[in-house]
Amino acid sequence: MSELFDFTLGLGDDALIAAQRLGEWTSRAPEMEEDIALANIALDQLGAARLLLTYAGELEGAGRDEDALAYLRGDREFRNCLLVELPNGDFGVTMAKLFLLAGYQLPLYTALSGCADERLAAIGAKARKESAYHLDHASLWVKRLGDGTEESHRRMQDAVDQVWPYTHELFTADPAAPVDPATLRADFDAVVSAVLDEATLTRPADGWAPGGGRDGVHTEHLSYLLAEMQVLHRAHPGARW
Amino acid sequence: MYGNDFAPPEDGPGGGLLGEVEAAEAALREAAARARRGGPAPDEDFAAYFTDVIDADQKIEPRDWMPEAYRKTLIRQIAQHAHSEIIGMQPEGNWISRAPSLKRKAILLAKVQDEAGHGLYLYAAAETLGVSRDELVELLIDGRQKYSSIFNYPTLTWADVGAIGWLVDGAAIVNQVPLCRCSYGPYARAMIRVCKEESFHQRQGYEILHTMAHGTPDQKAMAQDAVDRWWYPSLAMFGPPDGDSTHSAQSMAWKIKRFSNDELRQRFVDMCVQQAEILGLTIPDPDLRWNEQRQAHDYTQPDYDELMQVIKGNGPCNRQRMEHRRRAHSDGAWVREAASAYAAKQRNKEKVAA
Amino acid sequence: MSMDHSPLWEVFVRARRGLSHTHVGSLHAPDAELALRNARDLYTRRQEGVSIWVVPASAITASSPDEKDAFFDPAADKVYRHPTFYEVPDGVAHL
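Protein chains in written order, with our numbering: chain L, 7 to 247; chain D, 88 to 441; chain F, 338 to 432.
Watch out, some of these pointers could steer you wrong.
As the list claims (entries may be wrong) - List of simulated lysine-lysine pairs, DSS-like, C-alpha gap at most 30 Å:
| # | chain 1 | residue 1 | chain 2 | residue 2 |
| --- | --- | --- | --- | --- |
| 1 | D | K307 | D | K233 |
| 2 | D | K399 | D | K233 |
| 3 | D | K190 | L | K135 |
| 4 | D | K190 | D | K233 |
| 5 | D | K283 | D | K342 |
| 6 | D | K307 | D | K342 |
| 7 | D | K159 | D | K399 |
| 8 | L | K132 | D | K283 |
| 9 | D | K159 | D | K438 |
| 10 | L | K132 | D | K190 |
| 11 | D | K283 | D | K159 |
| 12 | D | K342 | L | K135 |
It is worth saying that the hints were derived from the structure and are not from the lab.
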């Protein structure tokens, strides 16, 4: 049961931290239409996070609900991958992060929708449609930025290079999990290569592979993100909102 | 169960302001269904034709003849309205990252997203009058067109999100509901859509305040403080008193505006009194009381000198809001250029292939 | 910046199976693919549709049965004059 809890918590934290970062774009997007699109994706991630954290709380059986898990854990207790906590950077970095995250979440949720655990299967079935849209949206921008102007090509390549090392952690083998992340790598590679090719971008060489998120060892960024996210909730213990 | 539904039943078929929006939509269909007179007769004066359409409560549509001043007035008003939606994302957007529960975070994200959507509907309505969105955005960024002054006040605590929903969105809805019957078709239709979507905004704000007012003493104090700070700026949203309002008479004749600033302000005050009672919060006006003779509340006017100062650019957040908007626009330039360059490349490829 | 970088698109939505596409408004996008995505986000946030069309506004030629041709200058067919928000949703709601 604790294995399932850890797995569910990790996915919930991925979605929550991704939503928090995407929400930072509100009123700052390059076009007003894109502001709406980013908010939609943030809302999808937040919705998935709430379902996953609620379920994780039930699996744990210690009475923690989604808010207790989101607001009352320290950074060492978060189980999200490092990719989602990286700062937004420019729009290219944000699209690189979203593209790679969706490239992982889509096969993950798809596999999950067929797993033996009914609750996770239902969440997977809902979230995979959303991930398909996220992947589509991010791919569309990766292509436009990669094959747009000289400046955008340079920025998009830099963004992919910067974020790429953080993808390796996503596929760390975990044979006991409902879906073993290692089995998702082939799908991810196929989608990513095809889009990068079309975007005239170079797939970075594999090398440095930072990790530790699933064990609660994060980048320096997460603690700041949580400080902001949790400040109000923690200032009023027990309050209802 | 919250918000505008507390308004008296004579307000419309569905009850409350939302009922009025529905009534306006029905009137719009009715006007469209009525036997319409055709275009102007060969020897007819176009100005007379225009007046005739307005008098018959029919809608003016983009391809109709219209007085240049009517067009200009509408462009200015719709653009300022659109700018207000876009700038208005900032004060509440300020609390998305710190929303105190995941549910509240989701609601606030969706609400601020709606505001971007409303800005876009309105820019599109303005574009039917022969101005481009790019031009309007430039006018905003250069400071040559205004947005609602209310957004130049800061959101200092979470309760401000509630107060904005209840008071600011409430005032906006009172202002906007009559615009659903505006004589210019695209604006009226945009407003119907906006008002329907906004009904949830006011309710979520009211709910936030209601929860806080019935929560811990700290929460209740925060809620009262927010109402204290937002009350008078919300009253000022209806504009200067009727005697000082420069554009009102002509706009009323053209049926762009249906009620005077003071009429709408009074309506808003009357609406809020009972809502405040249910919240258990105090409206910060010691002279607020029911006037049996007028069948309306007497109340203290907002400080119009302060309003003029804020309009001039001297509110607490004018510079910050404009800087934020300019930065988003300039930071995004390379992305817009890339998308445009990509689209051009694709078009060329298609041409070569053909 | 010119309008060329992000032209105007008219958006049509089929609210439900069995109904025709109806004009719901317009938006800006650099190309058709983005226009379609933007239309989904802007005009169907509340599940208002099952199918979307986007049409470059510049590709629409409008007739004006109500109006005297002589009155309109040749600019009458300019993109910006096409009516937008000409939506009257299916059925008369709430009546």
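Hint-by-hint comparison with the structure:
Note on D/K307 and D/K233: the hinted pairing is violated, with a Cα-Cα distance of about 35 Å set against a maximum of 30 Å. Note on D/K399 and D/K233: the hinted pairing holds, with a Cα-Cα distance of about 10 Å set against a maximum of 30 Å. Proximity of D/K190 to L/K135 is assessed by CA-CA distance (about 22 Å); at most 30 Å being required, the pair is judged to hold. For the suggested pair D/K190 and D/K233, the alpha carbons sit about 34 Å apart, so the restraint of at most 30 Å is broken.
Taking the CA atoms of D/K283 and D/K342, the gap is near 21 Å; set against the 30 Å cutoff, the hint holds. At roughly 43 Å between alpha-carbon atoms, D/K307 and D/K342 are farther apart than 30 Å, so this suggested pair is violated. About 22 Å separates the Cα atoms of D/K159 and D/K399, which keeps this hinted pair within 30 Å; it holds. Of the supplied pair hints, the one linking L/K132 and D/K283 holds, its CA atoms being roughly 28 Å apart against a limit of 30 Å.
In summary, the hint linking D/K159 to D/K438 is not supported, as the alpha carbons are separated by about 40 Å, beyond the 30 Å threshold. A distance of roughly 18 Å separates the Cα atoms of L/K132 and D/K190; the hinted pair therefore holds under the 30 Å criterion. Between the alpha carbons of D/K283 and D/K159 the distance comes to roughly 27 Å, so the proposed pair stays at or under 30 Å and holds. Pair hint D/K342 plus L/K135 does not hold up; C-alpha atoms about 46 Å apart against a cutoff of 30 Å.
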